[in-house]
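Q: Sequence:
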Amino acid sequence: MVGACRQLTDLRLGRCVEIRSPAVVQVALCCQRLQFLSLRGCHHVTDQAVVRLCKECPNLEYLSLWRCIQLTDTAVVMGIQSSKLLTDLNLHTCPELTDASCRRLALACPQLASLNLRENRNITECAVCALQEARPRMRILFGCASSTIVKTEKS
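Using my numbering, the first residue of the sequence shown is number 6, and each one after it goes up by one.
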């Protein structure tokens, strides 16, 4: 089925909890024109799938990995940094991410305008502040659901 979708630019697989990494890799190989992809709540997606996705889909502008709980800094360091057109990234509740992801995003994604880091216990406010300092125009959501810090362009 995916092979017939080579012109696809928008794909929302959010909450498809049975989606696994091989399916994401197949999407990446067959739908290389993707600009918008939501994998929200796809708990079985791994770093390797995200790395391959980012490599094979160079036109990605929006990527939601909300609650992709297996992802680590490798997904950011090896994958997302290669997405040169990415402007909106959702990493809400990716509990294995650390400050290393913030450092890499500050350096490698100059076009990134919006970043959601809420509910990531291993990312510190200090790292988010350093990211904001490096990228003052980026909108960053950080913190827990009851006390979100929104960092935006300084006036």
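Please keep in mind that the hints were generated in silico from the structure rather than gathered at the bench. Errors might be hidden in some of the hints.
Label-pair restraints from in silico Cβ distances [unchecked claim]: (1) GLU61 x ALA105: 21 to 27 Å; (2) CYS149 x GLN12: 25 to 31 Å; (3) ALA113 x ARG38: 29 to 35 Å; (4) CYS35 x CYS131: 37 to 43 Å.
All C-beta atoms in this analysis are idealised placements derived from N, C-alpha and C, irrespective of residue type, glycine included.
Q: It remains to establish, for every hint, whether it holds in the given structure.
A: Results of checking the hints against the structure:
For the hinted restraint 21 to 27 Å between GLU61 and ALA105, the CB-CB distance of approximately 24 Å keeps it satisfied. Between CYS149 and GLN12 the beta carbons are some 40 Å apart, a value that contradicts the proposed interval 25 to 31 Å. Distance hint check for ALA113 and ARG38: the Cβ-Cβ separation is about 23 Å, which falls outside the suggested range of 29 to 35 Å. Taken as a hint, the range 37 to 43 Å holds for the pair CYS35 and CYS131, whose Cβ atoms sit roughly 41 Å apart.
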